Amino acid sequence: MGGTSGMHVRHLRWASILVGAVGLVCIVLWPVAGVRAEELTIAAASDLNFAIKDLVAEFEKESGHRVRLSLGSSGNFYAQIQNGAPFDLYFSADIGYPQKLEEAGLVVPGSVYRYAVGRIVLWTSHSARRDVSKGLEVLSDSVVKKIAIANPKHAPYGRAAVAAMQHFQVYDQAKDRLILGENISQAAQFVESGSCDIGIIALSLAMAPSMKTAGTYWEIPAESHPPLEQGAAIVKTSTHQKAAKQFLEFMQSPKGREIMTRYGFTLPQ
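Following the numbering used here, the numbering of the sequence shown begins with 276 at its first residue and continues without gaps.
Accuracy of the hints is not assured; some may be wrong.
To be verified - Derived pair list, reagent style BS3-like, types lysine-lysine, alpha-carbon separation capped at 27 Å:
no. : residue 1 : residue 2
1   : Lys-409   : Lys-421
2   : Lys-375   : Lys-428
3   : Lys-420   : Lys-487
None of these hints come from the bench; they were simulated from the model.
Keep in mind that this is a model prediction, so the values were computed, not measured.
Just need the whole structure built from these sequences, with the hints factored in.
In structure tokens:
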């Protein structure tokens, strides 16, 4: 009897340990299992090219969600959302676009968020050897053959470039040598590749490591053009609105703000 009783006690003890261990595993695994990973589709102005890729990498790591990213001009994305494009989040280089979408009932009411103010710079590659320290005055020099800017018809950075040239009274001399990129990222590629010898691009692109090593820039005074107030909004037809809100919250976190500041954006307090 004693042997059987001892064996019974040992079995009970091991059973308790096993149940406790299983319970511990459940406690440890429950938060991960309880999170439903979603796939966000984000339409972003191409001045965010480098910054938003860093943001996405950190967000995916922290949240478990996945992000599909489309980069282009703010105006083109605005038109696509008007026509029912299936985006979850829209980042525009001009806050006016998401505000118009809110007025039209196409984004979640109250979701329009002013996430940054952008800056423009005059950029040239080391191989082109254009003296950007002269500022926009260099654009009136006939030695400058091709000047890259984003298309001002649908790219806010293109409109800012035109305004700055007009402010410095060089637009009339420069306009026939302008090469228009579909967006600000393409304008930067024109200069980096040597297709154009100089360009007016986003500071956020000039601050990227690859651009820093390839060329040099002169920061265009902010007072020479309307402010590039940039805005985001959650698209009303999104089926991932909770995850979209989480991404906006991550942008406002210390880590998100550090990434945006690194690329030269001025952030709201």
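A quick look at each hint next to the structure:
Taken as a hint, the Lys-409 and Lys-421 pair is honoured in the structure, with Cα atoms around 17 Å apart against an allowance of 27 Å. At most 27 Å may separate the alpha-carbon atoms for a hinted pair to count; Lys-375 and Lys-428 meet this at roughly 17 Å. For the hint linking Lys-420 to Lys-487, the alpha-carbon distance of about 23 Å falls within 27 Å, and the restraint holds.
The structure agrees with every numbered hint stated previously.
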